[in-house]
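For reference, the chains in residue letters:
There are 2 protein chains.
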Amino acid sequence: MIIDCHGHYTTAPAAHTAWREAQQAAFEEGRRPPPYPRISDDEIRETVEGGQLRLMDARGVDLTVFSPRASAMGHHFGDERVSAKWARACNDLVARVVGLYPDRFAGVCQLPQSPGVPIARSVAELRRCVLELGFVGCVLNPDPSGGHWTSAPLTDPSWFPFYEAVVELDVPAMVHVSAVTNPNFHATGSHYLNADTTAFMQLLQADLFTTFPALRLIIPHGGGAVPFHWGRFRGLADMLGRPPLAESLLRNVFFDTCVYHQPGIDLLFEVIGVDNLLFGSEMIGAVRGVDPTTGHHFDDTRRYVDALALPPGDREKVYALNARRVFPRLTV
Amino acid sequence: MIIDCHGHYTTAPAAHTAWREAQQAAFEEGRRPPPYPRISDDEIRETVEGGQLRLMDARGVDLTVFSPRASAMGHHFGDERVSAKWARACNDLVARVVGLYPDRFAGVCQLPQSPGVPIARSVAELRRCVLELGFVGCVLNPDPSGGHWTSAPLTDPSWFPFYEAVVELDVPAMVHVSAVTNPNFHATGSHYLNADTTAFMQLLQADLFTTFPALRLIIPHGGGAVPFHWGRFRGLADMLGRPPLAESLLRNVFFDTCVYHQPGIDLLFEVIGVDNLLFGSEMIGAVRGVDPTTGHHFDDTRRYVDALALPPGDREKVYALNARRVFPRLTV
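Chains A and B are the protein sequences, given in the same order.
Mapping the first sequence onto the numbering used here, position 151 (from 1) lands on 152, and the numbers just tick up by one.
Mapping the second sequence onto the numbering used here, position 89 (from 1) lands on 90, and the numbers just tick up by one.
With the C-beta cut set under 10 Å, the calculated list includes, among others, these residues of chain A facing chain B: (1) Pro143; (2) Asp144; (3) His149; (4) Ser152; (5) Phe186; (6) Leu205; (7) Phe229; (8) Cys259; (9) His262; (10) Val288; (11) Asp300; (12) Tyr305.
Computed, partial: chain B to chain A, Cβ under 7 Å: (13) Pro154; (14) Pro184; (15) Gly190; (16) Met202; (17) Gly225; (18) Arg233; (19) Gly236; (20) Asp239; (21) Met240; (22) Tyr261; (23) His262; (24) Val272.
The hints are simulated quantities; they were obtained by calculation from the structure and are not laboratory data.
We put the CB at the ideal spot given by N, CA and C, even for glycine.
Hey, can you work out the whole structure from these sequences and the hints?
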């Protein structure tokens, strides 16, 4: 059994994406958005059978933990009402994919975050997705401003109502930003990785997990720069008078394996260890091409994990057992 | 011969730091700053002989390429005039260290950058430092706003007057941010690494080095997240229709070895290769403690490089030969 903890519905039907554009145009012109389009089951089937499902089959991945397209969450755009409608539309669409292929996908929801709006107002949609749609987790954007970082750090009490809800619902949150509006940053090339590093350092600096010992956060893209600079972070924890990282963070923080070359995966496993790693590929996502040096897709991360010499049982942890522990609502 | 390409004068005399505080207070109160204090040679000797020189001797480092304290550059503070005076004071102090120990330190200057002020206005101080003080390089802050990223990306023509000057003077620039004013970021824990990743991705996206084939940029802290995610960056280059990284960037971009654990250094050498690596420690800098797992300082990066099995001649490139190529004004 192989569970991919990090897949996005990047191939959503054109009508869905067109509706978002219409919603944005309507907001800018002060009009009401058009009604959400009818999308048939066949249209949905087409978008995943030629895409994610085909690649999952080719790569031997059984189940993908599936969320709306991250770069399209666009929490910075519009206002709370715009985000609420868009999040609901995206989550309902993911629920339909899960409904069509319940043994191949599990749902993870986008939150209706909006800059300056208290996170408590995202809890209703989280509850709806978990309790009514059967979702197993959520994506938390640490920077709904789209690169301006106007929210407080993740360890600030302003985020606590959200942590209370995910702990009560027993679902993890993947900490994942969306699009960026500042031309200094490239969404998937720097903003995503920077946000991963930023979130980890915020968690290192404070005592969030003594307040929420059952909170589980996944930092995607292999933890950004963190495993590569693990010595730096261990040294900073020491300088700041914080406990060792294994104690203060590694009971609650997990990394995925979205690192697209063998040396990166080698380091990730060497430094972080198998108990805190969840198999992930971000497929179909940030990097879609074939690596000329291997002849395989960059994001075919199973090949890198398979190539590791691991003690018996370790691969199973990363491929499925850790995911079941972190996402206990997974039932497949 | 071992050259450390990345050392900061973090132990500057208290009177120097106190003057900066007085300068800042004066600016805020609309007064003229007090005169810069007299600092004796003995005071300077004391700050380096008990600090950088002692550690260089203990670690077998012959020469440090030495710049003012990065986090204290504080380009976001005040205005152009404040930055000009402070940069000059910092650079003059570094020049005095170099003057006292000309075989142990080579100077690298801070620029008088200020948000919104054209970089061309930093060229005079660059020229003064190189031509009058004998400095061998400079530190370029890609975000003088202190974390707001209000400048254009490094590939924008607004930076070109600076590139013209460094090419003419035949000195490299280390791309290094300073303090950050947004509480989401920790200066040395996330802002520095994020800036490294951001700068690399900017360079990947455009054609800067076809315009400036002789421009040499050093991205510190082992390149931020870049080597760990080298497959991602190779894949993004491919998706964006850019040439392979080795062609488009590795003739002009260099990384230092400021990565504070063995697995990180192992990956850096495996992925980037010795021709683009310059030995560096950032000592005395971001991480000052002793790693309890090794019993040695985290930032004693020579130990990690010495532990690598390298073909004959490769270590010499990283320890000295590359530095001489990148900093041709080095004469020691």
